[in-house]
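Using the sequences and the accompanying hints, generate a full structural model.
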Amino acid sequence: MMTRQWHPALEEALRDKHVGWFVQATTESFGFLVNELGYRLEEVYLHFQGTFVSYRAGRREVVIEYQPDARNVMCHVRFRSDGVAGGGRSVAISDLLASRDPLTEWSAPPRNRGLDQKQVVYLVASWAKGLRRLAPDVLQNGE
Numbered sequence: 000m001m002t003r004q005w006h007p008a009l010e011e012a013l014r015d016k017h018v019g020w021f022v023q024a025t026t027e028s029f030g031f032l033v034n035e036l037g038y039r040l041e042e043v044y045l046h047f048q049g050t051f052v053s054y055r056a057g058r059r060e061v062v063i064e065y066q067p068d069a070r071n072v073m074c075h076v077r078f079r080s081d082g083v084a085g086g087g088r089s090v091a092i093s094d095l096l097a098s099r100d101p102l103t104e105w106s107a108p109p110r111n112r113g114l115d116q117k118q119v120v121y122l123v124a125s126w127a128k129g130l131r132r133l134a135p136d137v138l139q140n141g142e
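Using numbering that gives the first Met the number 0, the letters of the sequence shown correspond one by one to residues 0 to 142.
Treat the hints as calculated values from the structure; they're not laboratory data.
Computed from a predicted structure; not experimentally measured.
Please note: incorrect hints may appear among the correct ones.
Stated by the list, open to error - Okay, the calculated beta carbon distance ranges per label pair:
#1 R39 / P135: 14 to 22 Å
#2 P135 / R112: 30 to 38 Å
#3 D94 / R14: 17 to 25 Å
Stated by the list, open to error - List time: in silico EDC-like cross-link candidates among lysine to aspartate or glutamate, alpha-carbon distance up to 20 Å:
#4 K16 / D100
#5 K16 / E60
#6 K128 / D94
#7 K128 / E35
#8 K128 / E104
#9 K117 / D100
#10 K128 / E27
#11 K117 / E64
#12 K16 / E27
#13 K117 / E60
#14 K16 / D94
#15 K128 / E64
#16 K117 / D15
#17 K117 / D68
#18 K128 / D68
#19 K16 / E35
Every residue gets a Cβ at the ideal spot worked out from N, C-alpha and C, and that includes glycine.
Right under this line is the structure:
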């Protein structure tokens, strides 16, 4: 649900014939960050080497990235340091979720030719649901 999400680049990104599906899946899956936890849609960036959607609340940032050439998807939570460009630490969502639920496979499966669209959408939705269920403390408290 995208009720309160808006960014100047969002409409154009959703219409993009190559990655619009990724932006739509990401904003639908991670919309709870905006609608329930007070994050804002920080950036929607389309580039031939990678497309990413980022959400931010204070020093916490959730970034979901799709690399079309490699057909790979990544997601991480970044804890920014005050006043330090590029400072802070970053945690891969798959690693964070695996530490809390080791019986579930959270990583993208290895593929010689990358992931297809259906696999990417599934992973994005799984990561969002996993964060919401297993790591709300990371999203709300910054640690």
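Going down the list of hints, with the structure as the test:
Checking the proposed 14 to 22 Å range against R39 and P135 shows it holds: the Cβ atoms sit about 18 Å from each other. Separation of P135 from R112 is about 35 Å and conforms to the stated range, judged on CB atoms against 30 to 38 Å. Look at D94 against R14: about 33 Å separates their beta carbons, and that is not inside 17 to 25 Å. Restraint check for K16 and D100: not satisfied, since their Cα atoms lie roughly 36 Å apart, outside the 20 Å limit.
Taking the CA atoms of K16 and E60, the gap is near 27 Å; set against the 20 Å cutoff, the hint is violated. For the given pair, K128 sits about 15 Å from D94 by alpha-carbon distance, which is consistent with the 20 Å threshold. At roughly 14 Å between alpha-carbon atoms, K128 and E35 fall within 20 Å of each other, so this suggested pair holds. The suggested pairing of K128 with E104 holds, with an alpha-carbon distance near 13 Å, which does not exceed 20 Å.
For a cut-off of 20 Å, the pair hint linking K117 to D100 is broken: about 23 Å separates their Cα positions. Among the hinted pairs, K128 with E27 is consistent with the structure: their alpha-carbon atoms are about 11 Å apart, no more than 20 Å. Restraint check for K117 and E64: the C-alpha separation of about 15 Å stays at or below 20 Å, so the hint holds. For the hint pairing K16 with E27, the CA-to-CA distance comes to about 18 Å; that is within 20 Å, so the pair holds.
Among the hinted pairs, K117 with E60 is inconsistent with the structure: their alpha-carbon atoms are about 25 Å apart, more than 20 Å. As the CA atoms of K16 and D94 are separated by approximately 31 Å, the hinted pair breaks the 20 Å bound. At roughly 17 Å between alpha-carbon atoms, K128 and E64 fall within 20 Å of each other, so this suggested pair holds. Distance check on the hinted pair: K117 and D15 sit about 17 Å apart at the alpha-carbon level, within 20 Å; holds.
Of the supplied pair hints, the one linking K117 and D68 holds, its CA atoms being roughly 16 Å apart against a limit of 20 Å. A C-alpha spacing of about 26 Å is found between K128 and D68, which places the hinted pair above 20 Å, so the restraint is violated. Under the criterion of a C-alpha separation no larger than 20 Å, the hint pairing K16 with E35 is inconsistent with the structure, at around 30 Å.
In terms of the numbered hints stated before, the structure departs from hints 3, 4, 5, 9, 13, 14, 18 and 19, listed from lowest to highest.
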